[in-house]
Amino acid sequence: MQLVAQIVLNGVLLGGFYACMALGFSIVWGVMNVVNLAYGSMIMIGAYVTQMAVLQLGLPLAAALPLAALATFTMGYVLQRALLNRLAERSVFMTLIFTFGLNMALINLNLILFSADVRSLPDVFGRASFTIAGLSVPYGRATIFAVAMAMTLGLHALLNWTPLGNAIKATSFDPDAARLSGIDVPHVYALTFAIGGAIAGVTGALVATSYSFSPLAGESYTMKAFVVVVLGGLGSIPGAIIGGMLLGIVENLASLFLDSGYRDAVGFTLLLLVLILRPRGLMGRRFFAEVKG
Amino acid sequence: MAASTLRARWGSGPWAGTLRSAAIGCVLMAILMVLPSFLSLYWLRLLTSVLMLAVIAQGMNAMAGFVGYPAFGNVVFFGIGAYGTALAIAAGFALGPALLFGAIPAGGLALAVGPLLLRLRGHYFAIATLGLNEVVSALAANLSGLTGGAAGLSLPLGAGTAGDAAQRAYVGFATLFAASLLLGIFLRDSRFGYGCRAIRSNEEAAEATGVPTLRVKSIAWMLSALLTAVAGGLYARWVGFIEPSLVFDMAISVKAFVMFLLGGAGTVFGPLIGALLIESATTLAWSHLLKLHLLVLGVTIMLVVLLLPDGAQGFVARHWPTVRDRLRRRS
Numbered sequence: 000m001q002l003v004a005q006i007v008l009n010g011v012l013l014g015g016f017y018a019c020m021a022l023g024f025s026i027v028w029g030v031m032n033v034v035n036l037a038y039g040s041m042i043m044i045g046a047y048v049t050q051m052a053v054l055q056l057g058l059p060l061a062a063a064l065p066l067a068a069l070a071t072f073t074m075g076y077v078l079q080r081a082l083l084n085r086l087a088e089r090s091v092f093m094t095l096i097f098t099f100g101l102n103m104a105l106i107n108l109n110l111i112l113f114s115a116d117v118r119s120l121p122d123v124f125g126r127a128s129f130t131i132a133g134l135s136v137p138y139g140r141a142t143i144f145a146v147a148m149a150m151t152l153g154l155h156a157l158l159n160w161t162p163l164g165n166a167i168k169a170t171s172f173d174p175d176a177a178r179l180s181g182i183d184v185p186h187v188y189a190l191t192f193a194i195g196g197a198i199a200g201v202t203g204a205l206v207a208t209s210y211s212f213s214p215l216a217g218e219s220y221t222m223k224a225f226v227v228v229v230l231g232g233l234g235s236i237p238g239a240i241i242g243g244m245l246l247g248i249v250e251n252l253a254s255l256f257l258d259s260g261y262r263d264a265v266g267f268t269l270l271l272l273v274l275i276l277r278p279r280g281l282m283g284r285r286f287f288a289e290v291k292g
Numbered sequence: 000m001a002a003s004t005l006r007a008r009w010g011s012g013p014w015a016g017t018l019r020s021a022a023i024g025c026v027l028m029a030i031l032m033v034l035p036s037f038l039s040l041y042w043l044r045l046l047t048s049v050l051m052l053a054v055i056a057q058g059m060n061a062m063a064g065f066v067g068y069p070a071f072g073n074v075v076f077f078g079i080g081a082y083g084t085a086l087a088i089a090a091g092f093a094l095g096p097a098l099l100f101g102a103i104p105a106g107g108l109a110l111a112v113g114p115l116l117l118r119l120r121g122h123y124f125a126i127a128t129l130g131l132n133e134v135v136s137a138l139a140a141n142l143s144g145l146t147g148g149a150a151g152l153s154l155p156l157g158a159g160t161a162g163d164a165a166q167r168a169y170v171g172f173a174t175l176f177a178a179s180l181l182l183g184i185f186l187r188d189s190r191f192g193y194g195c196r197a198i199r200s201n202e203e204a205a206e207a208t209g210v211p212t213l214r215v216k217s218i219a220w221m222l223s224a225l226l227t228a229v230a231g232g233l234y235a236r237w238v239g240f241i242e243p244s245l246v247f248d249m250a251i252s253v254k255a256f257v258m259f260l261l262g263g264a265g266t267v268f269g270p271l272i273g274a275l276l277i278e279s280a281t282t283l284a285w286s287h288l289l290k291l292h293l294l295v296l297g298v299t300i301m302l303v304v305l306l307l308p309d310g311a312q313g314f315v316a317r318h319w320p321t322v323r324d325r326l327r328r329r330s
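First to last, the sequence lines map onto chains A and B. Just so you know, we're using numbering that gives the first Met the number 0 here: the first sequence kicks off at 0 and counts up by one. Just so you know, we're using numbering that gives the first Met the number 0 here: the second sequence kicks off at 0 and counts up by one.
Chain A extracted, bound-state conformation (with noise of 0.2 Å):
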């Protein structure tokens, strides 16, 4: 019992980061109707900037964070307002195959300027940890899930209480609409592509503490990112911390029960089990979740 509650909160625990890492990949597909395949790539973007933050300016990791995050967010822009713009009126697989084409440059990029060697920073956290009744919770964790928690609510304070977040909300309803009341649609796009890259930044700087990356790593974020979102439901903030914490809870679960080699299968399974039983996920909303193409 007491195996099965401790193994229940790591799962709660790494869900919240889940849940924060896929919204990023979330508002993009929600509003723009675009998967993109280079979101693990820039997840390890923002945790090369923080290492390199780090180790080579010094900085301490409070700061290299927002600077992940200003690198993840710039690049944003300007790949949206530059290159995926162009393709807002194609199929749903055009953009599919070419953000495919962009993770592939992102990931030769990574490799020529820091090389295919796995790293990660000296232990911030080391290996102290704080106990909840008799459950035993590390300090690094507990950290990764409380900016990940601050994140999430941040995003949802922007896309509810500001004119920037009603204006993304009235651009992925209609966009004709919007351009028709005085919404600067590209820029809009572009700026939600920017917000999700920032959210890609401080997930990198995040990985970056506690875990080691490389970067041929980045793929495998970018599917659970899919597998939290579909879970989720797209376009849902509680979606995605249900369905975060949900692929935490399962995946900690299965190790307990099968063979280490399962662990991303059973991610998939349930969402393919998701997929077949309730297509719009647990949380999903109409309108956000509608297939545009």
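FYI, nobody ran anything at the bench for these hints, they're computed from the structure. Accuracy of the hints is not assured; some may be wrong.
Stated by the list, open to error - For each label pair, taking beta carbons as the anchor points, the in silico distance ranges come out as:
(1) 142/B <-> 148/A: 44 to 50 Å
(2) 124/A <-> 39/B: 58 to 64 Å
(3) 142/B <-> 164/A: 46 to 52 Å
(4) 282/B <-> 54/A: 35 to 41 Å
(5) 201/B <-> 54/A: 55 to 61 Å
(6) 114/A <-> 35/B: 58 to 64 Å
(7) 180/A <-> 204/B: 31 to 37 Å
(8) 159/A <-> 181/B: 55 to 61 Å
(9) 54/A <-> 143/B: 53 to 59 Å
As the list claims (entries may be wrong) - Residues of chain B clear of chain A, computed beta-carbon distances all greater than 10 Å:
(10) 18
(11) 108
(12) 170
(13) 177
(14) 283
Predicted model, so just to flag it, every value in this text is computed and none were measured. For every residue, glycine included, the Cβ atom is placed at its ideal position computed from N, Cα and C.
Once you have looked at the hints, place chain B on chain A.
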């Protein structure tokens, strides 16, 4: 004189397009039959891999181009075909029957999960097929008793020299390529193919006019799976060693996708044109810019999508009239 008579007899009527494609196909196959005697082993291998990719791209085209369902994870059938065939060969079967051990499970899987997954559209269908590939690939990597696990599976060597083996692989893939052309012509010109295209342009309308959409989609996916699985089986025999990360590699699917897109979606010869262009570009990148080959391929993909959204054939069709007018005016 003779040409105009021919055109009068065959150039019009309901089967004109079919006959023209069949004639082009026959000429192509004749060239492919003569070509090996002029090629060195290196170029023979390259041509074999072009044919293999053209076949996989045609399998993708059958689903994504003709029916409009982006079966992104189609490489799962390639992997199943490779493993089924390899295991049957290891058990002592000849290549011909062994290919069935790859093709039948693949076609069966498409028919079994088709009715479930083909209710999804767009990205959701693409992701579901991707998930299917991940699950099957994980099974192949972990059921080590059967498949050899992540360490892979070695096949017993065939008879003869390396040159003989390369010749056999070439003949196998050329034959399969002919079958893939027949599938393309069938999907373009048959009643069944009209059903597929009706689904692509408007599924609700197709259903309303009496196309049994779910059945047509499932059968089209099964045909695509069979073609891809036989390609996987021939590949396993050709290279002699397979492992899950090699034959369930998503990059194969994506390459196939870009190829049929580049050649022209929903056309008979598009996959071959795309395979020739992309494979040449890849080979050039491998031999001259080894460190940049992913970058070159990635940027090529991005440029294809940005500049040639309707493929090379569409690009020519769009720009040929203007070019022709300009040439006429100058002369």
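Hint-by-hint comparison with the structure:
Between residue 142/B and residue 148/A, the C-beta spacing of about 39 Å breaks the proposed range 44 to 50 Å. For residue 124/A paired with residue 39/B, a C-beta distance near 60 Å keeps the hint of 58 to 64 Å intact. Between residue 142/B and residue 164/A the Cβ separation comes to about 49 Å, which falls inside the hinted range of 46 to 52 Å. Between residue 282/B and residue 54/A the beta carbon distance is about 39 Å. The supplied range of 35 to 41 Å therefore holds.
At about 57 Å, the CB distance of residue 201/B to residue 54/A agrees with the hint of 55 to 61 Å. Distance hint for residue 114/A and residue 35/B: a CB-CB separation of about 42 Å, inconsistent with the stated range 58 to 64 Å. Checked against the hint of 31 to 37 Å, the C-beta distance between residue 180/A and residue 204/B comes to roughly 33 Å, which is consistent with it. Distance hint check for residue 159/A and residue 181/B: the Cβ-Cβ separation is about 57 Å, which falls inside the suggested range of 55 to 61 Å.
The given range of 53 to 59 Å is broken by residue 54/A and residue 143/B, whose C-beta atoms sit roughly 40 Å from each other. Against the 10 Å criterion, residue 18/B stays outside the reach of chain A, whose nearest CB is about 31 Å from its own CB. Distance check on residue 108/B: its Cβ is at least 13 Å (rounded) from any Cβ of chain A, clearing the 10 Å threshold; non-interface status holds. No Cβ of chain A comes within 10 Å of the Cβ of residue 170/B; the nearest lies about 32 Å off, and the non-interface call holds.
Interface exclusion of residue 177/B from chain A stands, the closest Cβ pair being 28 Å apart, more than 10 Å. Its beta-carbon lying about 16 Å from the closest one in chain A, residue 283/B satisfies the requirement of being farther than 10 Å from that chain.
When the structure is compared with the earlier hints, violations turn up for hints 1, 6, 9 and for no others.
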